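Colleague: Each chain, letter by letter, is given below.
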Amino acid sequence: MVKYMKIAVGQGSCGIAAGAGKVYKALSEQGLGSVLAKTGCIGMCFLEPIVDIYGDDGQLKRLVKVSEADAEKIARFVKEGDEEAIRSLEISCEDSEFLTKQTRIALRNCGIIDPENIDEYVARGGYSAIEKALDMTPEQVIETIKVSGLAGRGGAGFPTWFKWNAARQSVSDTKYIICNADEGDPGAFMDRAVIESDPHNLIEGMLIGAYAIGAKEAVVYVRAEYPLAIERLTKAIAQAKEKGYLGQNILGKGFSCEMRIKAGAGAFVCGEETALIESLEGQRGMPRLKPPFPAQSGYWNEPSNINNVETFANVAWIITNGGEAFAEMGTENGKGTKVFALTGKVKRGGLVEIPMGKTLRDVIFDIGGGMRSDKAFKAVQLGGPSGGCIPAALIDTVIDYKSLSATGAIMGSGGMVVMDESTCMVGMARFFLDFTTKESCGKCVHCRIGTKRMMEILDRICKGEGKQGDIELLEELCVSIKDGALCGLGQTAPNPVLTTIKYFRNEYEAHIEERKCPAGECVELISYSIDPEKCRGCSLCAKKCPVSAIDGVIKQPHKIDTEKCIKCGNCKAVCKFSAVVCE
Amino acid sequence: MSCCCENKSDLTLLADVLNEYKSVKGSLITILQHAQEIYGYLPEDVLRHIAEQTDIPVAKVLGVATFYTQFRFKPVGKYLIMLCQGTACHVNGSERIAAAIKEELGIEDGQTTDDGLFSIKHVACLGCCSLSPVMMINGDTYGNLTPDKAKQILRELKNEE
Numbered sequence: 001m002v003k004y005m006k007i008a009v010g011q012g013s014c015g016i017a018a019g020a021g022k023v024y025k026a027l028s029e030q031g032l033g034s035v036l037a038k039t040g041c042i043g044m045c046f047l048e049p050i051v052d053i054y055g056d057d058g059q060l061k062r063l064v065k066v067s068e069a070d071a072e073k074i075a076r077f078v079k080e081g082d083e084e085a086i087r088s089l090e091i092s093c094e095d096s097e098f099l100t101k102q103t104r105i106a107l108r109n110c111g112i113i114d115p116e117n118i119d120e121y122v123a124r125g126g127y128s129a130i131e132k133a134l135d136m137t138p139e140q141v142i143e144t145i146k147v148s149g150l151a152g153r154g155g156a157g158f159p160t161w162f163k164w165n166a167a168r169q170s171v172s173d174t175k176y177i178i179c180n181a182d183e184g185d186p187g188a189f190m191d192r193a194v195i196e197s198d199p200h201n202l203i204e205g206m207l208i209g210a211y212a213i214g215a216k217e218a219v220v221y222v223r224a225e226y227p228l229a230i231e232r233l234t235k236a237i238a239q240a241k242e243k244g245y246l247g248q249n250i251l252g253k254g255f256s257c258e259m260r261i262k263a264g265a266g267a268f269v270c271g272e273e274t275a276l277i278e279s280l281e282g283q284r285g286m287p288r289l290k291p292p293f294p295a296q297s298g299y300w301n302e303p304s305n306i307n308n309v310e311t312f313a314n315v316a317w318i319i320t321n322g323g324e325a326f327a328e329m330g331t332e333n334g335k336g337t338k339v340f341a342l343t344g345k346v347k348r349g350g351l352v353e354i355p356m357g358k359t360l361r362d363v364i365f366d367i368g369g370g371m372r373s374d375k376a377f378k379a380v381q382l383g384g385p386s387g388g389c390i391p392a393a394l395i396d397t398v399i400d401y402k403s404l405s406a407t408g409a410i411m412g413s414g415g416m417v418v419m420d421e422s423t424c425m426v427g428m429a430r431f432f433l434d435f436t437t438k439e440s441c442g443k444c445v446h447c448r449i450g451t452k453r454m455m456e457i458l459d460r461i462c463k464g465e466g467k468q469g470d471i472e473l474l475e476e477l478c479v480s481i482k483d484g485a486l487c488g489l490g491q492t493a494p495n496p497v498l499t500t501i502k503y504f505r506n507e508y509e510a511h512i513e514e515r516k517c518p519a520g521e522c523v524e525l526i527s528y529s530i531d532p533e534k535c536r537g538c539s540l541c542a543k544k545c546p547v548s549a550i551d552g553v554i555k556q557p558h559k560i561d562t563e564k565c566i567k568c569g570n571c572k573a574v575c576k577f578s579a580v581v582c583e
Numbered sequence: 001m002s003c004c005c006e007n008k009s010d011l012t013l014l015a016d017v018l019n020e021y022k023s024v025k026g027s028l029i030t031i032l033q034h035a036q037e038i039y040g041y042l043p044e045d046v047l048r049h050i051a052e053q054t055d056i057p058v059a060k061v062l063g064v065a066t067f068y069t070q071f072r073f074k075p076v077g078k079y080l081i082m083l084c085q086g087t088a089c090h091v092n093g094s095e096r097i098a099a100a101i102k103e104e105l106g107i108e109d110g111q112t113t114d115d116g117l118f119s120i121k122h123v124a125c126l127g128c129c130s131l132s133p134v135m136m137i138n139g140d141t142y143g144n145l146t147p148d149k150a151k152q153i154l155r156e157l158k159n160e161e
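Chains as they are written, first to last, in this note's numbering: chain A, 1 to 583; chain B, 1 to 161.
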């Protein structure tokens, strides 16, 4: 009989939110002994909680959407080999393609190792890259990164080796290497997954960077909203120190580097590197004028290098496998892989890592399985508040920095939110402007006041109070905000508006000229009615209406009192005969 | 800020934190975070005390504290509802959840119920996008919400009281 070596319960934030903690507890009450283990996030959020059972025959049984009640069945399978007990929980072939179609480098250990156990990271080749790097010269390390073509994964896509080299060239006794883990883009969670699921990979990447630029101090700036990531990284740093991978005279090779965590306090603008430095120094997170660049004068005015989590997560792999191996993947305009957080109206949402050069279609339809409902795909939003919406017609756009920029969107940090025809694009633009208006630090007039004015215009368009010339006014504001803002937040804030005007101008016009929301989302512009032909008079809608706006006799067509109606949509959602019409 | 007549916090609770950080440069945010953990929010007398002890002007302490969304200046209710405003939650109807919460409790973003039981805060992405729309109440995440489900959860919490 097959012996089961390990039963791993995925414990990322979203796994825990879906109930993985309760599943783990229920399993531990089944007397499974030491084989029960925890792991990070495998990235298949749509199937959480997930339990992986590893046999000594090398086979993996992946159980999905597991509940506490299933613990007993799992125990029966592990102890007695009763395959029938878990048959209904096993992942389908279709769903497992979500993973098999990916190429994982930054996420290579996520969901496989226990993030709280350094030995598991080491067993998968961990900390061999820093050992190798310490036998190279810093210049050779930078050269390897140059050959790999690795570019900043935070969104801007700036060549990593260039930043490292600039910091290397700056002369100072004190230099800093800083990790930007202030993942503020609403709808992105790649960095959180890496820190929660494979924190040592980040530490190793940062150490290699520290060695390359000559830094003795490393700081990770993590969002305060990620308590689990902070907890696991704190443990990982302590373990790495204990094993001699971090601290004084690392691996006896004469290189020393200390690492600490700084928790952010909630400000999107701190994702901008100079604002991040201000925040690290205990100030309001407002961007500095560049130059001088952080590589010359950054944290405490010393040379500093700042990279994103995902960028660092690729470094150890590149040192181990060589720059050429990394550069083999991707296109002329983007090397290696990119991680996306695929969410929204897509069937299979989660973390997707693919080589650059794949298309949006590959990610959304091939890996993501297309739309969750029977509604048609409308657009995909990339890059959050700094990015833009790409319409269905451009679904075959290749994923690399240049091709995505050509559409008006950006690669961004990796948020990929899929929308179907029920999403209003004007509403989407308003959503992002609402975000940037709140998050603008207030330093530059164009960003502070310009985004506010744009927000007001979008708001009135959504309320059916749009005026002729509003679209042109928006476009004018977009240009001046882009020109007049000091940092990336302001310079990119107009992107969601520009791209939606570019690809969905007719929707703006429908709002302004016809006072209609084609997607049926803007509450002020829609009304509900009942089609008397289809209504069977079951009165279910009347029962579910929170304001008693629906009246009618049983088995006779019902009617909605539009005066009373609050447009909550409950009636449409419960009607079994599609008799409720929303226009 | 409001009158501080009734504002009498036990400042000794903060002594250890101040001893550890007051002379470490760039630690203001860290001190404020610890203070909020201790008092549940940042009372005015605590902010003044921090300013005095760290030799940072009160105006600057307030400037930093008000810049970041994490810091609160009023006590919060027993249950703090954090309603996710991420893109995925927006696309999947978080506005309807906000409306349902308002219907049930009568409070909007930043407010607390009169009985001091519930506070609601709209927050940036909680990162549980596949469960959207999502809210977190005192650390527990509730996902795949519908207006009815959200109301139900709140009623259950009320009934526990």
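Everything labelled a hint here was simulated from the structure, so no lab data went into it. All figures in this text were calculated on a predicted structure; none of them were measured in a lab. Hints may contain errors.
[Stated by the list, open to error] Which residues of chain A face chain B? A few of them, derived with a C-beta cut under 8 Å, are:
(1) Ala-18
(2) Pro-186
(3) Ala-263
(4) Phe-365
[Claimed, not checked] Dumping the calculated BS3-like pairs for lysine-lysine here, alpha-carbon to alpha-carbon at most 30 Å:
(5) Lys-102/B <-> Lys-567/A
(6) Lys-216/A <-> Lys-25/B
(7) Lys-559/A <-> Lys-151/B
(8) Lys-102/B <-> Lys-564/A
(9) Lys-149/B <-> Lys-567/A
(10) Lys-216/A <-> Lys-22/B
(11) Lys-60/B <-> Lys-241/A
(12) Lys-22/B <-> Lys-235/A
(13) Lys-149/B <-> Lys-65/A
(14) Lys-438/A <-> Lys-452/A
(15) Lys-543/A <-> Lys-149/B
(16) Lys-243/A <-> Lys-216/A
(17) Lys-78/B <-> Lys-443/A
(18) Lys-6/A <-> Lys-79/A
(19) Lys-543/A <-> Lys-158/B
(20) Lys-438/A <-> Lys-121/B
(21) Lys-543/A <-> Lys-102/B
(22) Lys-375/A <-> Lys-149/B
(23) Lys-74/B <-> Lys-22/A
(24) Lys-516/A <-> Lys-438/A
(25) Lys-149/B <-> Lys-572/A
(26) Lys-121/B <-> Lys-467/A
(27) Lys-60/B <-> Lys-290/A
(28) Lys-121/B <-> Lys-576/A
(29) Lys-534/A <-> Lys-149/B
(30) Lys-22/A <-> Lys-149/B
(31) Lys-149/B <-> Lys-564/A
(32) Lys-158/B <-> Lys-516/A
(33) Lys-22/B <-> Lys-567/A
(34) Lys-544/A <-> Lys-25/B
(35) Lys-151/B <-> Lys-347/A
(36) Lys-438/A <-> Lys-25/B
(37) Lys-243/A <-> Lys-38/A
[As the list claims (entries may be wrong)] Now the stretches of chain A that chain B is said to cover, found in silico as 3 or more residues with beta-carbon under 8 Å:
(38) 2-16
(39) 43-51
(40) 140-147
Glycine included, each C-beta is placed from N, C-alpha and C at the ideal position.
Colleague: Work down the list of hints and note, for each, if the structure agrees.
Modeller: Against the structure, the hints:
1. For Ala-18/A, the suggested interface contact is upheld, since its CB lies about 6 Å from the closest CB of chain B, less than 8 Å.
2. Interface restraint check for Pro-186/A: the shortest CB-CB distance to chain B comes to about 4 Å, inside 8 Å, so the restraint holds.
3. Checking Ala-263/A against chain B by beta carbon gives a least distance of about 6 Å; that is within 8 Å, so the hint holds.
4. With a least beta-carbon distance of about 18 Å to chain B, the hint placing Phe-365/A at the interface is violated under the 8 Å criterion.
5. In summary, the hint linking Lys-102/B to Lys-567/A is supported, as the alpha carbons are separated by about 15 Å, within the 30 Å threshold.
6. The straight-line distance between the Cα atoms of Lys-216/A and Lys-25/B is roughly 18 Å, inside the 30 Å bound, and the hint therefore holds.
7. Between Lys-559/A and Lys-151/B the CA atoms are separated by roughly 26 Å; this keeps the pair inside 30 Å, and the hint holds.
8. Between Lys-102/B and Lys-564/A the CA atoms are separated by roughly 18 Å; this keeps the pair inside 30 Å, and the hint holds.
9. A C-alpha spacing of about 18 Å is found between Lys-149/B and Lys-567/A, which places the hinted pair at or below 30 Å, so the restraint holds.
10. The hinted pair formed by Lys-216/A and Lys-22/B meets the criterion: a straight-line CA distance of about 24 Å does not exceed 30 Å.
11. Between Lys-60/B and Lys-241/A the alpha-carbon distance is near 36 Å, which puts this suggested pair outside the 30 Å criterion.
12. A C-alpha spacing of about 25 Å is found between Lys-22/B and Lys-235/A, which places the hinted pair at or below 30 Å, so the restraint holds.
13. Distance restraint check for Lys-149/B and Lys-65/A: the Cα-Cα separation of roughly 20 Å lies within the 30 Å cut-off, and the hinted pair is therefore satisfied.
14. Of the pairs offered as hints, the one joining Lys-438/A and Lys-452/A holds, with about 9 Å between alpha carbons and a cut-off of 30 Å not exceeded.
15. The straight-line distance between the Cα atoms of Lys-543/A and Lys-149/B is roughly 17 Å, inside the 30 Å bound, and the hint therefore holds.
16. For the given pair, Lys-243/A sits about 18 Å from Lys-216/A by alpha-carbon distance, which is consistent with the 30 Å threshold.
17. Annotation: proposed proximity of Lys-78/B to Lys-443/A is violated, straight-line Cα distance about 36 Å (limit 30 Å).
18. Between the alpha carbons of Lys-6/A and Lys-79/A the distance comes to roughly 13 Å, so the proposed pair stays at or under 30 Å and holds.
19. Annotation: proposed proximity of Lys-543/A to Lys-158/B holds, straight-line Cα distance about 24 Å (limit 30 Å).
20. The hinted pair formed by Lys-438/A and Lys-121/B meets the criterion: a straight-line CA distance of about 14 Å does not exceed 30 Å.
21. Straight-line distance between C-alpha atoms of Lys-543/A and Lys-102/B comes to about 21 Å, which keeps the hinted pair within the 30 Å bound.
22. In summary, the hint linking Lys-375/A to Lys-149/B is supported, as the alpha carbons are separated by about 24 Å, within the 30 Å threshold.
23. Proximity of Lys-74/B to Lys-22/A is assessed by CA-CA distance (about 34 Å); at most 30 Å being required, the pair is judged violated.
24. Distance restraint check for Lys-516/A and Lys-438/A: the Cα-Cα separation of roughly 28 Å lies within the 30 Å cut-off, and the hinted pair is therefore satisfied.
25. A hinted pair counts as satisfied when its Cα atoms are at most 30 Å apart, and Lys-149/B with Lys-572/A qualifies at roughly 17 Å.
26. The straight-line distance between the Cα atoms of Lys-121/B and Lys-467/A is roughly 33 Å, outside the 30 Å bound, and the hint therefore fails.
27. At roughly 24 Å between alpha-carbon atoms, Lys-60/B and Lys-290/A fall within 30 Å of each other, so this suggested pair holds.
28. Straight-line distance between C-alpha atoms of Lys-121/B and Lys-576/A comes to about 36 Å, which puts the hinted pair past the 30 Å bound.
29. Using a Cα cut-off of 30 Å, the hinted pair Lys-534/A and Lys-149/B holds, with the two alpha carbons roughly 29 Å apart.
30. At most 30 Å may separate the alpha-carbon atoms for a hinted pair to count; Lys-22/A and Lys-149/B meet this at roughly 21 Å.
31. Using a Cα cut-off of 30 Å, the hinted pair Lys-149/B and Lys-564/A holds, with the two alpha carbons roughly 23 Å apart.
32. Between the alpha carbons of Lys-158/B and Lys-516/A the distance comes to roughly 40 Å, so the proposed pair goes past 30 Å and is violated.
33. Between the alpha carbons of Lys-22/B and Lys-567/A the distance comes to roughly 54 Å, so the proposed pair goes past 30 Å and is violated.
34. For the given pair, Lys-544/A sits about 59 Å from Lys-25/B by alpha-carbon distance, which is inconsistent with the 30 Å threshold.
35. For a cut-off of 30 Å, the pair hint linking Lys-151/B to Lys-347/A stands: about 27 Å separates their Cα positions.
36. For the hint pairing Lys-438/A with Lys-25/B, the CA-to-CA distance comes to about 29 Å; that is within 30 Å, so the pair holds.
37. Proximity of Lys-243/A to Lys-38/A is assessed by CA-CA distance (about 22 Å); at most 30 Å being required, the pair is judged to hold.
38. Beta-carbon proximity to chain B at under 8 Å applies to 3 residues in the region 2-16 of chain A; the threshold of 3 is reached and the given coverage holds.
39. Three residues within the 8 Å Cβ limit are the bar, and the region 43-51 of chain A against chain B gives 3, so the coverage statement holds.
40. Check result for the region 140-147 of chain A against chain B: violated, 0 residues qualifying (beta carbon to beta carbon below 8 Å, three or more required).
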